[in-house]
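Chemist: Chains A and B supply the protein sequences, listed in that same order. Okay, so the first sequence: first residue is 1 according to my numbering, each after it adds one. Okay, so the second sequence: first residue is 1 according to my numbering, each after it adds one.
Since the hints were made in silico from the structure, they are not lab data. It is possible that some hints are incorrect.
As the list makes no split between identical chains, a pair holds if one copy fits it or if it spans any two.
No farther apart than 30 Å at their CA atoms in a straight line, the calculated lysine-lysine pairs in the DSS-like style are these [said to hold, decoys possible]: (1) K52 - K324; (2) K116 - K65; (3) K116 - K338; (4) K52 - K116; (5) K324 - K101; (6) K160 - K185; (7) K28 - K65; (8) K160 - K299; (9) K28 - K116; (10) K116 - K101; (11) K324 - K47; (12) K299 - K185.
Just so we're clear, the structure is a prediction, and the values are computed from it rather than from any experiment.
Next come the chains, spelled out residue by residue.
2 protein chains.
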Amino acid sequence: MSSHRHKVPIYQLIATLIEERILSGHYKPGQRIPAIREVAAEFECNKLTVQKAFDRLNQRGLIEKVVGSGSYVKYPSKIHEPGGFYDFRTDYLAESFFPHKQAQRLINALFENEEKQLFVPPPTGGDTGLIQVLSQYYEVPAERMLIISGAQQGLDLVAKVFGTQLSESVLFEDPTYPGAITLFKARHFVPLEDDGPDKDQLDKQLNARIRLFYAIPSIHNPLGIEYSPEKKNIIADRALNHPFYIIEDDYLGELRNNNGNRFIDLCPERAIYIKSLSQTTVAGIRLGFMVVPEDLLDKFIYAKFSSDITSFVLLQKFVREFIKGGYYSAHLDMIKEKAARRKRQLIELADQFDFLTISCQQDGFNLWVQCSTSLDLPHVPWCRGEEFSFSNKYRSCFRLSYMHLDDKVFDQGLQYLKELWARIGE
Amino acid sequence: MSSHRHKVPIYQLIATLIEERILSGHYKPGQRIPAIREVAAEFECNKLTVQKAFDRLNQRGLIEKVVGSGSYVKYPSKIHEPGGFYDFRTDYLAESFFPHKQAQRLINALFENEEKQLFVPPPTGGDTGLIQVLSQYYEVPAERMLIISGAQQGLDLVAKVFGTQLSESVLFEDPTYPGAITLFKARHFVPLEDDGPDKDQLDKQLNARIRLFYAIPSIHNPLGIEYSPEKKNIIADRALNHPFYIIEDDYLGELRNNNGNRFIDLCPERAIYIKSLSQTTVAGIRLGFMVVPEDLLDKFIYAKFSSDITSFVLLQKFVREFIKGGYYSAHLDMIKEKAARRKRQLIELADQFDFLTISCQQDGFNLWVQCSTSLDLPHVPWCRGEEFSFSNKYRSCFRLSYMHLDDKVFDQGLQYLKELWARIGE
Chain A
1 MSSHRHKVPI YQLIATLIEE RILSGHYKPG QRIPAIREVA AEFECNKLTV QKAFDRLNQR
61 GLIEKVVGSG SYVKYPSKIH EPGGFYDFRT DYLAESFFPH KQAQRLINAL FENEEKQLFV
121 PPPTGGDTGL IQVLSQYYEV PAERMLIISG AQQGLDLVAK VFGTQLSESV LFEDPTYPGA
181 ITLFKARHFV PLEDDGPDKD QLDKQLNARI RLFYAIPSIH NPLGIEYSPE KKNIIADRAL
241 NHPFYIIEDD YLGELRNNNG NRFIDLCPER AIYIKSLSQT TVAGIRLGFM VVPEDLLDKF
301 IYAKFSSDIT SFVLLQKFVR EFIKGGYYSA HLDMIKEKAA RRKRQLIELA DQFDFLTISC
361 QQDGFNLWVQ CSTSLDLPHV PWCRGEEFSF SNKYRSCFRL SYMHLDDKVF DQGLQYLKEL
421 WARIGE
Chain B
1 MSSHRHKVPI YQLIATLIEE RILSGHYKPG QRIPAIREVA AEFECNKLTV QKAFDRLNQR
61 GLIEKVVGSG SYVKYPSKIH EPGGFYDFRT DYLAESFFPH KQAQRLINAL FENEEKQLFV
121 PPPTGGDTGL IQVLSQYYEV PAERMLIISG AQQGLDLVAK VFGTQLSESV LFEDPTYPGA
181 ITLFKARHFV PLEDDGPDKD QLDKQLNARI RLFYAIPSIH NPLGIEYSPE KKNIIADRAL
241 NHPFYIIEDD YLGELRNNNG NRFIDLCPER AIYIKSLSQT TVAGIRLGFM VVPEDLLDKF
301 IYAKFSSDIT SFVLLQKFVR EFIKGGYYSA HLDMIKEKAA RRKRQLIELA DQFDFLTISC
361 QQDGFNLWVQ CSTSLDLPHV PWCRGEEFSF SNKYRSCFRL SYMHLDDKVF DQGLQYLKEL
421 WARIGE
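Only chain A is shown next, with the shape it has when bound in the complex (with noise of 0.2 Å):
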C-alpha cells in the first residue's frame, strides 16, 4: 500500500493546513503562529518539513518572519485580497460566542448522570427527551418530530421521500439559499418581493408538476424579509388546493417570535418544517429537527434511518441539556444584542456610500446590499448575488454576513469594508 501513501508531500499538506487556518480565520492577520517546532510536534515531522512548508507560505505571501520572534501571519496587502481574513461571507457564528465552558460542564453533567445511555443509540427519530424539549420551546408537536444532522440533512431527507425527478417538481424563491439550489438541480423560481413571492408569479408557475415549495419564510436567507401575513395565507391557500408541500426552512425564526404565524401553524398538514441548530448555536454543532406531516412521518423516518440510523446521541442529550437549562436562551439574548448593534455600524458605514443601498427591513446575520456600480474584482469578502440567484437583477447585489467575526476582528473588517468600497468609489 506504501506507494499510495503521500503523493501529496507532507510539507504541502502541513502549508494548505496552515494556509486554511490563515483562511478561516483561526490564526489573524498580526498574529504569531505557532513556532516550527511547535508543528513539527503537532504533526509528528521532521523540524525542516516544517521549515519548507513555511518557507512556501512566505512566498505566497500568507506570512512573514520577524527575525528571533518567530513567524506572523501578514496583513492583506491589497484591498481585493481573499476574503478570508475578513469574512463576510459564512453566516454562521463565530465560534468564539459560543459557551464553551458551560458545554463542557453539561457534558462532564451528562456522564455523571446518564453515563449508561451516552452511547446507546436513541430511537431513529430522535432523543426522546430532546424532542420533548424542542417541541416545548419552539412550540412545534412532538408525535410528527424528527431529529436530523443538520438542515442539509433535512433537505436530503425531502429528496429521498420525494424521489428523483426533484427539479421537475419543486418551486423556489428568487433568490434563495444555494445548497437548495445544487441540492435539488432546481429550474423553477418565484421572484421575491419584499413581503413575500410574487402572487401573480406563483400562481404562473403552479403548473400541475409542482409537488413541493422551498420557503424561507421567516428571515429570508439572503434576503433578510419577512413573509407578510397576507402572502402567507394566500401561499397556505394554494399549498391546500393546488396541492403542494411547503418546505418551511426555519432559517433564523428565533430572532423574530413568528410562533402560530409559520407554516407550520397555519397548514400543518402541508408544511415540511425544517429547523436548524447550526445557525444558532455554532456551525459545529451538526444537529437540527423537522417536523412532517402525519402521513408522511414514515417515509421520513425510513430515509433518515437508511441515510445515516440516528443522529450522533451524546450531541442531542448535550442539545437537550443546554436548551432545558436556559442556556440557549440566554445565548440568543446576546447574540441577538451583538447583531442589532454590528447591523447598525454596517448600516452606517453603507451610508456613507451613494452606491450602495440597503433595504431597511432586513433581519438575521445578513445584510442584503445593493450596488449601483461595477463590482467586477477578483476576490470579495463577501457573497456575490449569483450565488442566490440566476436571474441578472441579482447581479449587482451581494450580501455581507456580519455574525461570524470575532469581537477584535469585527472593527478591523469594518476597516477593510470601508477602504475596499472607497476603492470601488473612485
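Using the hints provided, position chain B relative to the given structure of chain A.
Modeler: For chain B alone, coordinates are given in the frame of chain A:
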C-alpha cells in the same frame, strides 16, 4: 397549535418509553425500576399519570409490584417471549464494555487543549488529524479517505454517487447484511461458499449492467467466514476486467489482521472501502470512514456535503484521541478475549443439541447456526435466516449475536437459550 400536540396520551408515551428500556435491557429482569415519583420528576408530570403508565405495564406483564418496595421488571414467563430480554439479535457491543470514564477524560482534555477548534466544522472530508490517525491504524491511504457518520452513510453515499437503478446494477452476496438489501432493493445475488462467492455463479451473474459488488470479505455478516486469498484474487481480477467496483464493507476486520490482503490493497482503483467504527467501539459512536478510488473522490465528497455537510467535529476529535492514545487497541484486546470466551461457551452449549450445527470457521461477534428442526416460534431472541437472504436454503438458519449482553446477564442468557433449545428439541 395545541390541537396538534399530545394526540397520544402522556401516560402511554411513558409506558412505551419504559417498555423500550426494558426491551433494550436498560432495565433488566429482576431489577427495580425507578419509583413513581422519580419517573414523574423525570418527565415533569403528574404522579397519577405515571401510575397509569405502570398499570399498563403491569397489565402487559412487563413489570410486577412488590408491596413496600416498588416495581420490578418481570422475568420472561414463557421461553418464547420477545427476544429483547436476552438480546442475541443485536451485533453491537454491550455499552457497558465501552470505557466511559476514559472517554470523559479525553473529551475534557479536548476542551482544555483545543477549545477554539471544537465546534469549528472540519473540511467535508473530515478532521485532518483523525484522517492521519486512521490512515496509520488501518494502513490505508489518507488522500482518498472520507470520514462518514457510520457505515450506513457509506452505503447511502454509494447510492448517491452511482445514482438510480442501483437494484439493477449491484450484485450482492447471498446471504448479506439486511441494511444493504433494503437500501439498494437488492435483486442480484451470488451464493457464498465457505471460502467466498461461488465462482461459476459469480461469472454467470456478471452481466453488462452490474457496476458494483457489495462484499463483506473479512469477517462476513452473518456467516462469519473469510474469503480465501484465491477467491479474492479472482474477484479482484473480475473487478478490473469486467469492470465493476467492489464495495468492501470491512465489518469487523480489526479482529483479524488482513492488512495488505484486502480489496483496498489488491485493487485500490476498484475498491470502495467502508469501515464502521460503531461495531468496534459502541453503537452510539456514529462514525466511520471510507477510502474510495481517486477518480470517484470528488463525487463522494460532494455526496457527503449534500447529505450533512460534515460529521460532528467533536466526535471526530474524540475518536482521533481514542485511537492515538492506545485506548482503542486496549479496548479491542479486551473485546477479542471476551468474544473468544463467549463463543466457546455458546459452541459448547449448541453441541449438546443434535439439531444445531455450527460451522467452526466463524469469527466475529456472531454465530451462524443451522437448525435441522422447525423453528416456528412466534418470538425468538436471535435474527432469523430470512432477514439475510431471500433463498429457502437459509430458512433453517439463524444468527446469534453474543456480544451485546452485559457480563452480568450473559450467563442468564445462556441458560435461557438452553431452556429454549431443550423445548424445541422435545
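Chemist: Hints first: check each against the structure and report whether it holds.
Modeler: Hint-by-hint comparison with the structure:
Within a single copy, K52 and K324 get their C-alpha atoms only as close as 50 Å, which misses the 30 Å cut-off; across copies the closest is 26 Å, which meets it. Only between protomers do K116 and K65 lie at most 30 Å apart by alpha-carbon distance; the minimum there is 25 Å, versus 52 Å within a single protomer. In the homo-oligomer, the alpha carbons of K116 and K338 lie at most 30 Å apart only across protomers (20 Å), although the nearest pairing inside one protomer, at 39 Å, exceeds that limit. Taking the shortest alpha-carbon separations for K52 and K116, only the inter-copy value of 27 Å comes in at or below 30 Å, while the best intra-copy value is 48 Å.
For a Cα distance limit of 30 Å, the shortest separation of K324 from K101 qualifies both inside one copy, at 17 Å, and across copies, at 25 Å. Proximity of K160 and K185 under a CA criterion of 30 Å is satisfied in both settings, with 14 Å inside one chain copy and 14 Å between copies. Proximity of K28 and K65 under a CA criterion of 30 Å is satisfied intra-copy only: 15 Å inside one chain copy versus 64 Å between copies. For the identical chains of this complex, K160 and K299 are neighbours both inside a copy (9 Å) and across copies (18 Å), given an alpha-carbon limit of 30 Å.
Proximity of K28 to K116 under the C-alpha cut-off of 30 Å is restricted to the inter-copy arrangement: shortest distance 13 Å between copies versus 42 Å within a copy. Taking the closest pair of Cα atoms, K116 and K101 come within 30 Å of each other both inside a single copy (24 Å) and across two copies (11 Å). Taking CA atoms no more than 30 Å apart as the test, K324 paired with K47 passes between copies only; the shortest distance there is 21 Å, against 48 Å inside one copy. In this assembly of identical chains, the alpha carbons of K299 and K185 lie at most 30 Å apart whether taken from the same copy (22 Å) or from different copies (16 Å).
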